[in-house]
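Trainee: In case you want the letters, here they are:
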Amino acid sequence: MRNAIVQTISPNYFGLMQIALREGREIANTDADGTLPVAVISRSLARRYFPDEKPLGKKLKVAPADDSSAWLTIVGIVDDVHYGWIDKNDVPTIYRSYRQAPPYYASLVLRTGGEPLSFVPAVRSQVAAVDPDLSLFNIKTLDKVISDSVVGIAYVAVMMGVLGIIALVLAAVGVYGVMSNAVSERTNEIGIRMAMGATANDIQKLVLGNGALLTLIGMGIGLPVAFLLANALSSLLFGVKAADPVAFIVLPLVLAAVATLASYLPARRAVHVDPITALRYE
Amino acid sequence: MEPLIQLRNLEKVVEAGPNKFFLLRRINLDIQPGEFVTIMGPSGAGKSTLLSIIGMLDGAWIGDYYFLGEAVHKLNVKKRNELHKANIGFVFQSYHLIDNLTVFENLEVPLSYKNVPHKERISLVCDALDRFHIVGKKDLFPNQLSGGQQQLVGVARAVILSPKLILADEPTGNLHSAQGEEIMELFKRLNDAGTTIIQVTHSERNASYGNRIIQLKDGWVVSETATAGAQARASQPA
Numbered sequence: 001m002r003n004a005i006v007q008t009i010s011p012n013y014f015g016l017m018q019i020a021l022r023e024g025r026e027i028a029n030t031d032a033d034g035t036l037p038v039a040v041i042s043r044s045l046a047r048r049y050f051p052d053e054k055p056l057g058k059k060l061k062v063a064p065a066d067d068s069s070a071w072l073t074i075v076g077i078v079d080d081v082h083y084g085w086i087d088k089n090d091v092p093t094i095y096r097s098y099r100q101a102p103p104y105y106a107s108l109v110l111r112t113g114g115e116p117l118s119f120v121p122a123v124r125s126q127v128a129a130v131d132p133d134l135s136l137f138n139i140k141t142l143d144k145v146i147s148d149s150v151v152g153i154a155y156v157a158v159m160m161g162v163l164g165i166i167a168l169v170l171a172a173v174g175v176y177g178v179m180s181n182a183v184s185e186r187t188n189e190i191g192i193r194m195a196m197g198a199t200a201n202d203i204q205k206l207v208l209g210n211g212a213l214l215t216l217i218g219m220g221i222g223l224p225v226a227f228l229l230a231n232a233l234s235s236l237l238f239g240v241k242a243a244d245p246v247a248f249i250v251l252p253l254v255l256a257a258v259a260t261l262a263s264y265l266p267a268r269r270a271v272h273v274d275p276i277t278a279l280r281y282e
Numbered sequence: 283m284e285p286l287i288q289l290r291n292l293e294k295v296v297e298a299g300p301n302k303f304f305l306l307r308r309i310n311l312d313i314q315p316g317e318f319v320t321i322m323g324p325s326g327a328g329k330s331t332l333l334s335i336i337g338m339l340d341g342a343w344i345g346d347y348y349f350l351g352e353a354v355h356k357l358n359v360k361k362r363n364e365l366h367k368a369n370i371g372f373v374f375q376s377y378h379l380i381d382n383l384t385v386f387e388n389l390e391v392p393l394s395y396k397n398v399p400h401k402e403r404i405s406l407v408c409d410a411l412d413r414f415h416i417v418g419k420k421d422l423f424p425n426q427l428s429g430g431q432q433q434l435v436g437v438a439r440a441v442i443l444s445p446k447l448i449l450a451d452e453p454t455g456n457l458h459s460a461q462g463e464e465i466m467e468l469f470k471r472l473n474d475a476g477t478t479i480i481q482v483t484h485s486e487r488n489a490s491y492g493n494r495i496i497q498l499k500d501g502w503v504v505s506e507t508a509t510a511g512a513q514a515r516a517s518q519p520a
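Sequence order for the protein chains is A and B.
Take the first sequence: its letter number 21 is residue 21 in my numbering, and every next letter is one higher.
Here my numbering = 1-based position in the second sequence + 282.
Don't read these hints as lab results, they were simulated from the structure.
Check each hint, because a few of them may be wrong.
[Claimed, not checked] Quick list of the computed label-pair ranges, beta carbon to beta carbon:
#1 A:S184 with B:E467: 35 to 41 Å
#2 B:G476 with A:R268: 47 to 53 Å
#3 B:L383 with A:P252: 30 to 36 Å
#4 A:N181 with B:L422: 23 to 29 Å
#5 A:I166 with B:K361: 45 to 51 Å
#6 A:L228 with B:A342: 55 to 61 Å
#7 B:L422 with A:S184: 24 to 30 Å
#8 A:A212 with B:E506: 49 to 55 Å
#9 A:R269 with B:L422: 39 to 45 Å
#10 A:V246 with B:L383: 51 to 57 Å
#11 B:K361 with A:P224: 45 to 51 Å
[As the list claims (entries may be wrong)] Here are the simulated EDC-like cross-link-like pairs (lysine to aspartate or glutamate), alpha carbons at most 20 Å apart as the crow flies:
#12 B:K446 with B:D409
#13 B:K446 with B:E284
#14 B:K361 with A:D274
#15 A:K205 with B:E387
#16 B:K367 with A:D202
#17 B:K356 with B:E293
#18 B:K367 with B:D340
#19 A:K144 with A:E185
#20 B:K396 with A:D202
#21 B:K446 with B:D474
#22 B:K302 with B:D500
#23 A:K205 with A:E185
#24 B:K360 with A:D274
#25 B:K367 with B:E402
#26 B:K499 with B:E486
#27 B:K419 with B:D474
#28 B:K446 with B:E467
#29 B:K367 with A:E115
#30 B:K470 with B:E317
#31 B:K470 with B:D412
#32 A:K205 with B:E364
#33 A:K58 with A:E26
#34 B:K361 with A:D202
#35 B:K360 with A:D202
Even glycine gets a Cβ: it sits at the ideal position worked out from N, Cα and C.
Generate the whole structure from the sequences, applying the supplied hints.
Mentor: Below, the structure written as structure tokens:
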């Protein structure tokens with residue numbers, strides 16, 4: 001067997017963490033030292049390693065097969081939990097009783113009715129009542145635990161966001177520059193069109209239409225490439241969808257708005273071109 | 283008959299710092315429908331400025347300007363533009379065709395700004411191509427044409443909407459004499475067919491195609507003379 005997480009838990013863990021039991025039973029207080037070593041497995045482990053059979057009652061070992069440690073009997077199957085953000089797929093998990101496999105250290109999880117950290121003094125006194133030498137440290141809410149676990153990826157996300165904004169600003173400056181230059185290059189043409197009867201509105205439409213065409217060409221190239229990249233990323237990261245509506249509807253609309261604004265300023269300038277001067281402009 | 287154009291005390295002033303420069307001074311002019319008028323004068327006399335004002339490209343002047351009885355000096359930009367679109371065609375010395383459009387598309391440009399329906403537009407362009415014998419050039423770009431051919435397209439574009447008035451600013455200035463002659467003959471035919479033409483030129487020979495010469499100097503009209511037409515032309519070098 002390869003690639004399974006082993007979690008050592010107390011009997012109430014699944015109920016506390018709202019992990020649904022799908023088959024069999026949970027770890028019980030009776031699963032203690034000296035009784036049949038048991039394990040509860042996740043559905044992904046059941047699917048991967050017992051594809052065509054009922055896993056309940058089957059045995060597995062958290063060690064090499066020839067190791068002398070005990071075989072664990074599967075007594076239950078629970079839903080999968082995402083313990084990491086990098087792997088999009090569910091990681092097979094084995095849950096053991098803390099009485100049968102006491103860990104070197106334990107994490108205490110509490111579900112509270114109010115502000116979780118306000119219960120800390122009471123918990124400390126309860127733990128001290130059991131053993132005054134036991135110290136509690138690294139006390140956090142579950143939200144903090146989760147946010148700490150994604151801090152790396154959140155940092156990357158913020159950096160990507162900042163780079164995205166920089167790219168957007170550069171794109172806007174680029175479109176403005178291109179449109180500005182196009183208007184300068186078309187000064188003579190604008191003068192000719194005005195002499196042929198074009199109104200300020202016609203000229204504005206001409207320049208904005210040109211900007212819209214450039215934007216559409218850019219999006220025509222950019223969106224499929226972005227979709228391919230998002231597709232690749234979605235297979236690597238949990239929570240990333242290839243067809244993300246924000247990325248593929250909202251952001252293109254923002255880009256289109258920015259491009260329109262970047263074209264609008266040169267278009268305004270084009271409207272004020274003096275036809276006499278423009279006709280002399282070669 | 284109501285004059286096509288009436289100018290009364292028309293003046294054009296530009297300001298450069300504290301100084302004012304008069305480009306045109308107290309111009310009083312009547313042009314009748316069907317006339318072929320030539321504006322002449324030395325460089326800086328105000329010829330092209332006067333043409334731009336008559337063509338309603340320039341709206342920054344003072345005085346009274348009536349076009350077919352309509353007070354142009356009282357019109358807003360939109361109304362002035364409509365009057366210009368409906369009645370005036372331009373021919374320029376540098377042809378001013380749009381480089382990235384074919385001959386066919388260049389001829390379509392004025393039509394596109396008059397909301398001419400597509401079918402009618404095609405028909406008008408085809409008529410113009412046929413009338414000016416440039417059907418074979420319709421898919422060529424301006425840089426694939428000689429100067430004379432470009433000016434021919436320029437004239438075709440100016441008359442495609444059958445304007446009452448054609449304004450030509452040194453129309454043969456960039457052409458060799460034979461091409462220039464051809465263009466002037468074309469203007470003569472258009473004028474004979476009833477189109478009023480006002481041209482700016484330095485050429486006495488081109489002026490002889492018209493029936494009146496207006497001389498400008500330093501922004502003033504200094505003389506108005508009738509031309510002797512073909513007779514005068516015969517005595518001019520080609």
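Trainee: Could you tell me which of the hints above the structure violates, numbers in ascending order?
Mentor: 2, 9, 10, 19, 27, 29
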